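The lines below spell out each chain.
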Amino acid sequence: MLNTNIKTLRVAIIGCGKIADQHVLACRRIPGTEVVALCDREILMASQLGERFGIAACFADAAEMLRTARPEVVHITTPPQGHFTLAKQCLEAGSHVYLEKPFTVTAPEAEELIRLAESRGLKITAGHNLQFTLEMLEMRRLVAQDFLGGKPVHLESHFSYDLGDASYVGPLLGNRNHWVRQLPGQLLHNILSHGIAKLCPFLDDQLVEVVASAHQSAQLQRIGGEEILDELRVLIRDASGTTAFFCFSTQLKPGMNHLRICGPVNSISVDHASGTVIRHIKRSYKSYLTYFVPPLKNAKQHFRNACLNVSSFLKGRLHQDSGMKELVDCFYQSIRNQSAPPIPYREILLTARLMDEIFAQIYQGKPAVRALPARSTTTPVQTP
Amino acid sequence: MNSNYIISSADRILVTGSNGFIGAKVVEILLEYGFTNLRCFVRPSSKLDRLQKILAQYPAGKTAEIVAGDLLSREDCRRAAAGVSVVYHLAAGMEKSFAGAFMNSAIATRNLMDAFLEQGSVARFVNVSSFAVYSNLKMARGALLDETCALEDAPQERHDAYCFGKLKQEELVRQYGEQRKLPYVILRPGAVFGPGKRSLSGRVGIDTFGFFIHLGGGNQLPLTYVDNCAEAIVLAGLKPGVDGEIFNVVDDELLTSSEFLRAYKQRAKSFFSIRVPFFIANALCGAWEDFSKKRQGQLPPVFNRRRAAAEWKGNRYTNQKLHDRLGWKPRVNMGNAMAAFLSQYDQPAT
Chain F
1 MLNTNIKTLR
11 VAIIGCGKIA
21 DQHVLACRRI
31 PGTEVVALCD
41 REILMASQLG
51 ERFGIAACFA
61 DAAEMLRTAR
71 PEVVHITTPP
81 QGHFTLAKQC
91 LEAGSHVYLE
101 KPFTVTAPEA
111 EELIRLAESR
121 GLKITAGHNL
131 QFTLEMLEMR
141 RLVAQDFLGG
151 KPVHLESHFS
161 YDLGDASYVG
171 PLLGNRNHWV
181 RQLPGQLLHN
191 ILSHGIAKLC
201 PFLDDQLVEV
211 VASAHQSAQL
221 QRIGGEEILD
231 ELRVLIRDAS
241 GTTAFFCFST
251 QLKPGMNHLR
261 ICGPVNSISV
271 DHASGTVIRH
281 IKRSYKSYLT
291 YFVPPLKNAK
301 QHFRNACLNV
311 SSFLKGRLHQ
321 DSGMKELVDC
331 FYQSIRNQSA
341 PPIPYREILL
351 TARLMDEIFA
361 QIYQGKPAVR
371 ALPARSTTTP
381 VQTP
Chain H
1 MNSNYIISSA
11 DRILVTGSNG
21 FIGAKVVEIL
31 LEYGFTNLRC
41 FVRPSSKLDR
51 LQKILAQYPA
61 GKTAEIVAGD
71 LLSREDCRRA
81 AAGVSVVYHL
91 AAGMEKSFAG
101 AFMNSAIATR
111 NLMDAFLEQG
121 SVARFVNVSS
131 FAVYSNLKMA
141 RGALLDETCA
151 LEDAPQERHD
161 AYCFGKLKQE
171 ELVRQYGEQR
181 KLPYVILRPG
191 AVFGPGKRSL
201 SGRVGIDTFG
211 FFIHLGGGNQ
221 LPLTYVDNCA
231 EAIVLAGLKP
241 GVDGEIFNVV
251 DDELLTSSEF
261 LRAYKQRAKS
271 FFSIRVPFFI
281 ANALCGAWED
291 FSKKRQGQLP
301 PVFNRRRAAA
311 EWKGNRYTNQ
321 KLHDRLGWKP
331 RVNMGNAMAA
341 FLSQYDQPAT
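Sequence lines, in order, name chains F and H.
The opening position of the first sequence corresponds to residue 1 in our numbering, with each subsequent residue numbered one higher.
The opening position of the second sequence corresponds to residue 1 in our numbering, with each subsequent residue numbered one higher.
Keep in mind the hints are simulated off the structure, nothing from the lab.
The reader is advised that the hints may include incorrect statements.
Stated by the list, open to error - Which residues of chain H face chain F? A partial, calculated answer using Cβ under 7 Å: (1) SER45; (2) ASP70; (3) ALA99; (4) PHE102; (5) ALA154; (6) GLN156; (7) ASN282; (8) ARG295; (9) GLN296.
Said to hold, decoys possible - Under the rule of at most 20 Å between Cα atoms (straight-line distance), these lysine to any residue pairs were calculated in the SDA-like manner: (10) H:LYS293 with F:GLU34; (11) H:LYS47 with F:ASN175; (12) H:LYS47 with F:ILE223; (13) H:LYS47 with F:ARG29; (14) F:LYS18 with H:SER73; (15) F:LYS315 with H:PHE291; (16) H:LYS294 with F:LEU318; (17) H:LYS313 with H:ASP153; (18) F:LYS300 with F:GLU138; (19) H:LYS293 with F:HIS158; (20) H:LYS47 with F:ARG176; (21) F:LYS18 with H:LYS138; (22) H:LYS96 with F:GLY170; (23) H:LYS294 with F:ASN175; (24) H:LYS329 with H:TYR5; (25) H:LYS138 with H:GLY286; (26) F:LYS315 with H:PRO301.
To be verified - From the structure, some residues in chain F lie toward chain H, with a derived Cβ separation under 7 Å: (27) PRO31; (28) THR33; (29) ARG52; (30) GLY54; (31) ALA56; (32) LEU173; (33) ASN175; (34) ARG317; (35) HIS319.
Keep in mind it's a predicted model, so treat the numbers as computed, not measured.
Glycine included, every Cβ here is placed at the ideal spot set by N, Cα and C.
Model the full structure from these sequences, guided by the hints.
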């Protein structure tokens with residue numbers, strides 16, 4: 001199936017911060033791929049990555065890198081504010097683009113990039129790698145087999161983040177100029193897309209209701225969170241009546257990273273934390289058996305998940321970064337085979353639109369204010 | 001005030017990481033020595049209780065400047081370095097990622113050195129590094145580790161981001177010394193302990209698997225009590241004739257890992273531990289490393305031969321250079337240091 005015109009895919013990375021290591025490692029696990037160039041505005045950052053992975057071509061200027069290294073694919077792993085300009089530059093230079101999440105700062109930027117990619121016959125994708133973990137692949141397999149029995153009736157996505165990880169939150173709180181603080185959705189903007197993107201395959205493009213409510217947790221308030229919001233709940237309804245609930249929390253313990261898809265016949269629960277997929281099958285039991293049998297059946301499913309995970313580990317499929325490797329691999333396959341990209345553009349755009357809508361609601365389009373009290377915005381907004 | 005110092009008591013001194021475990025003690029000793037023009041650089045999100053308590057104890061502490069900022073910002077570095085004669089650079093990148101450690105160690109140091117050199121009144125840049133930069137992979141067990149020993153040449157293989165950050169930081173400092181004539185001194189403290197730091201050094205053992213595995217055994221620990229370490233750092237910024245020198249910082253009397261753990265268990269808390277000899281630990285770390293390589297990082301190489309050697313192989317240590325060149329003597333002997341360290345466990349952790 002491989003297009004033999006491209007023997008080895010030449011890959012470059014722009015932005016050599018923390019996440020870049022994962023990209024290099026993922027690329028190295030994909031046969032027929034070579035990371036040929038690294039680029040960072042701070043050349044020392046490119047050099048340190050190059051030194052550790054034996055990549056000699058390091059650049060401080062993206063244009064020079066594109067001209068000299070001529071990569072077929074560029075992974076952009078800079079802060080999101082640079083995504084649009086850099087991706088445009090790469091597409092114009094003829095490279096396919098993998099953009100880390102969030103895809104762009106705003107939905108119009110996302111639309112423009114996708115239009116540009118399509119007009120040039122190039123591929124672009126978003127770093128929604130959590131959609132490609134083993135459990136999500138299993139969920140998709142079930143959905144494709146019509147396990148749900150029709151379009152989902154309701155979806156629930158929980159995504160949590162531990163504020164205790166001071167290595168991320170510390171610098172962010174200490175510096176009003178930190179790039180995360182400059183995003184329209186601040187902390188939420190940088191984390192949210194994983195949880196929102198999981199809903200998008202099941203929602204229509206036309207959303208008739210989006211209601212977002214956000215506040216600051218007491219913990220964040222204590223450690224000096226200023227105007228940053230870290231507790232978010234969103235209710236969504238699409239034109240065909242599918243509803244969704246999204247919860248982002250820094251306070252849920254133990255942390256939840258969970259998706260539940262309720263269909264008209266059966267339902268599915270996916271838990272990223274334990275890598276499990278539980279099928280909820282419509283069955284009825286007589287009398288007290290309803291209290292005895294379903295828990296046993298659930299236990300059997302959990303046991304089966306544990307066995308599958310052990311087996312996947314032993315076979316080398318279960319990897320800390322399975323999601324990213326799978327997504328990158330699928331993206332490269334789509335380039336080689338000239339097939340559809342792994343994440344439909346419709347989903348990337350819907351994720352971006354939903355995020356714009358949420359941030360517009362919770363920050364009401366006004367500049368962020370200091371000493372933000374717990375607040376709630378509950379105005380339903382129709383998106384065209 | 002010792003007239004042999006390279007600066008006078010009124011010259012401005014900058015201490016980065018001044019609210020940290022060692023940094024606050026450095027500030028205290030500088031005030032005790034009679035320096036009256038201190039600038040304490042802190043992260044904007046820092047809680048300054050420790051530093052403010054020290055500053056309040058000395059008349060000159062009340063006029064000390066506290067500057068909040070980010071060393072990754074060149075502008076903040078300029079504010080910090082303006083008019084400064086000596087920099088004590090203790091701020092450290094403790095991030096687990098290599099990029100994060102590099103950024104907060106090497107890039108931050110580069111920015112600070114540039115700002116320091118720009119402003120003209122440069123007397124000395126004291127760079128606080130760590131024992132983590134050494135590699136004893138090719139050294140025999142129990143061999144003497146001093147300032148001339150080999151540095152780690154594969155921090156990625158050791159899976160040690162902190163070591164990588166510190167190595168690169170040192171490399172830049174030496175480069176600035178050679179190319180831009182920055183007068184510098186590098187200090188490499190061993191395992192710094194004292195009240196305010198409750199955790200056990202990884203050189204003693206690990207509790208990764210739910211119980212404590214004692215790996216240090218009869219190895220000597222490169223201990224340095226926080227007051228002793230801070231005084232070595234202070235002297236490195238003041239003594240003439242040591243530009244371009246590197247000093248290991250360990251105390252005179254060193255305990256073995258077993259002695260340290262025994263004292264800790266008696267006073268701090270009693271817990272179950274298993275002692276694993278080095279040859280077994282090394283073999284297990286090697287097997288882990290091989291599996292990790294074979295499976296392309298399916299298990300991250302957190303245990304590997306380089307780490308086993310660096311932390312648990314065991315060396316002897318010397319502070320002769322510290323005594324000879326800086327005239328350093330430990331202010332607190334090991335008995336009193338251990339008593340002070342262990343006394344913190346009489347109070348619950350805050």
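Here's how the hints hold up against the structure:
1. SER45: holds (4 Å)
2. ASP70: The hint holds - H:ASP70 has a Cβ within 7 Å of chain F, the shortest such distance being about 5 Å.
3. ALA99: Since chain F brings a Cβ to about 5 Å from H:ALA99, closer than 7 Å, the hint holds.
4. PHE102: Nearest chain F Cβ about 5 Å off; hint holds.
5. ALA154: With a minimum Cβ separation of about 9 Å from chain F (threshold 7 Å), the hint on H:ALA154 is violated.
6. GLN156: holds (5 Å)
7. ASN282: Check failed: Cβ of H:ASN282 comes no nearer than 24 Å to chain F, outside 7 Å.
8. ARG295: Cβ of H:ARG295 sits 6 Å from chain F, so the hint holds.
9. GLN296: This interface hint holds because 5 Å falls under the 7 Å limit.
10. H:LYS293 with F:GLU34: Distance ~18 Å between H:LYS293 and F:GLU34 Cα, so the pair holds.
11. H:LYS47 with F:ASN175: OK: H:LYS47 and F:ASN175 at ~15 Å, within 20 Å.
12. H:LYS47 with F:ILE223: At roughly 9 Å apart (the allowed maximum being 20 Å), F:ILE223 and H:LYS47 satisfy the hint.
13. H:LYS47 with F:ARG29: Given that 20 Å is the threshold and the Cα spacing comes to 43 Å, the pair is violated.
14. F:LYS18 with H:SER73: holds (18 Å)
15. F:LYS315 with H:PHE291: holds (13 Å)
16. H:LYS294 with F:LEU318: Distance of about 14 Å is within 20 Å: holds.
17. H:LYS313 with H:ASP153: Between H:LYS313 and H:ASP153 the Cα gap is close to 17 Å, so the pair holds against 20 Å.
18. F:LYS300 with F:GLU138: Distance of about 17 Å is within 20 Å: holds.
19. H:LYS293 with F:HIS158: violated (35 Å)
20. H:LYS47 with F:ARG176: holds (17 Å)
21. F:LYS18 with H:LYS138: violated (31 Å)
22. H:LYS96 with F:GLY170: Status holds; Cα separation ~14 Å.
23. H:LYS294 with F:ASN175: With a Cα-Cα distance of about 42 Å, the restraint between H:LYS294 and F:ASN175 is violated, given a limit of 20 Å.
24. H:LYS329 with H:TYR5: Status holds; Cα separation ~17 Å.
25. H:LYS138 with H:GLY286: The hint holds at about 15 Å.
26. F:LYS315 with H:PRO301: holds (18 Å)
27. PRO31: Because about 11 Å separates F:PRO31 from the closest Cβ in chain H, which is outside the 7 Å limit, the hint is violated.
28. THR33: Constraint on F:THR33 not satisfied, violated at 13 Å.
29. ARG52: Since the shortest Cβ distance to chain H is 5 Å, the answer is holds.
30. GLY54: Interface hint status for F:GLY54: violated (10 Å vs cutoff 7 Å).
31. ALA56: Check failed: Cβ of F:ALA56 comes no nearer than 16 Å to chain H, outside 7 Å.
32. LEU173: holds (5 Å)
33. ASN175: holds (5 Å)
34. ARG317: violated (9 Å)
35. HIS319: holds (5 Å)
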